[in-house]
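S.K.: Sequence:
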Amino acid sequence: MTIDCEEKGRRHIREAWVTDVLAGYENDHRPAHEYLRENGEWTAVSRHDLLWGVQSAARGWREAGLRPGDRVAVEATDPHVFVPAFLGALWAGVVPVPLPPPPAAGRHAAWSAHVTAMARTAQPQVIALRGDTEPPADSGRPVALDSIVAAPPEESPPHNPEPDATAYLQFSSGSTGNPRAVPARVAAVLANGRAIMHDGLRSDPAIDRGLSWLPLHHDMGLVGFVLAPLLAWVPVSFIPTRFFVRDPGLWLRSMSERRATISFAPNFAFALSARRTSAEQTAALDLGHVRVLGCGAEPINHSVLEGFFSTFAPTGLAPEALMPCYGLAEATLAVTLSPPDRPYRVDHVRTAALSAGQATPVGADPTGETDPADSGAGLPDPADGVSTLVGCGPPLPGNEIVIRDTHGDALGERAVGEVWVRGPSVARGYVAAPQETRTSFLPGGWLRTGDLGYLAEGELFVTGRVKDLLILNGRNIDPQRVEWLAETVPGVRAGGVVACTRPGPQSEELVIVAECRTSAAPSLAPALREAVAAALGIPVHDVVAVRPGTVPKTTSGKPRRQETRRQYLEGALHVQQG
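Using my numbering, read the sequence shown as starting at 958 and increasing by one per residue.
Hint data in this document are derived by calculation from the structure and do not stem from the laboratory.
Beta-carbon label-pair distances, calculated as ranges:
id, residue 1, residue 2, range
1, E1487, L1526, 22 to 30 Å
2, G1245, G1088, 34 to 42 Å
3, A1240, D1103, 36 to 44 Å
4, A1236, K1424, 39 to 47 Å
5, G1494, E1393, 33 to 41 Å
6, D1499, S1235, 32 to 40 Å
7, Q1392, E1487, 39 to 47 Å
8, G1088, D1499, 41 to 49 Å
9, R1232, G1088, 29 to 37 Å
Note that the structure is predicted; figures quoted are calculated from it, not measured. Backbone N, C-alpha and C define an ideal beta-carbon position, used for all residues, glycine too.
Using the sequences and the hints, build the whole thing.
M.R.: Right, here's the structure in full:
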């Protein structure tokens, strides 16, 4: 592997591993990273300084007794500590396993149980935490993370891994079950980094700057803003996730202030930012330089993106900057990206047909042709039996997508089925999970994603999850669409709704669990029943109003629907009395 000069590499990612790029940073004082600190100040780190920090951490890992191939579980709380620690592990040939941050207060038992389960799978030799956080039992020999990054730098050559070597372990989100450990191969990370930065974003290190508040123990934060930009020499500004949670408006204020051109976030962050930014704050923003605001990691709601753009268009934000995407940890990160030179695609389809497995466009006649006079008549009303879906773009170069039915047979254009993916970034299995590996990773390099969707004119539209699908009176209903409807009811907490089923006398019955304020609980049931019946034509048999924070979630904030359903059926949910 060799490093091309940066001038030659501005429009393509070079064939060099992370440590090769870092080695080229010596005596290069151009910006690499900057980190927002607790005092509100930004700490700038040059490329040369980043290299020194990485070499310090590499020495720290070696002095902790770790050797190439050993695994270390690393707390991913503060970017200014985690990033050099993670990269230092790669420099030393140690396999890092990013851990979710421990809770600031409360829920320590849940975090400890989660980390214990991760450690049981990953089997790290060492666990590195900050401060006085008590490591869970049997999670590895504890070391102080701060002491690792504070070690004196040592000019040692970087570990030179083979393309098939495991660079790090990435845990999946676990929204439909227990998180699984995915070994991220060196070749897979390189391929995905190239596809994202060169083919997808068309990045240029001379003009681009990334900015992220995303959790660094998840693939979008780790690959999207630590690894891929580094491989493309693009500088990045990092904000600790907890800062965004405290102040969602910080995201766009920082984009404006730091002149960042590229950022990504889940759907909920777009809704939260629009809701929590005042007109006065919006007037002070300048987003005319922003090229990419990517949206992924969870189902994408067109009305949320539409509302976001309506709010921030006066700041100079271009409509083509909004970039829906699709990916998963099992494919390193990205599988599809909407092209950056046009607004994202929206598909208006008949809800009844979608429930039957066919994405029939509004106005289509029985032959499947669309009436042009009907296709551009504004945003359809869900009450008219129309569903609006967001296109996630075509597959990135080198990736293939096929939609298959439950028998594994390929389906045609606009037929809804399971999304299967194949490409150079796809993993080869899970760690210590042979049954799950056999189920998901198939001969020929195919990955069964567990997601439902369809292809239209070469673009992927995601409709839900196989395991979460609600089957009601013979209709297939995506729970996310029920949940989005529920969130429009006053008093319902966004992101705190789960639609699931319970056994009924003849068939499954719809249940909605919704977090809400105590004062809203008495009126919640009739309002939710009316909203769902009007839009989807299905009855809601039970509404459970619960306190904020009750709905079980993954470490990335996704509702755990199966766990919520289990607690509901066992009567373990604490119901709001009003």
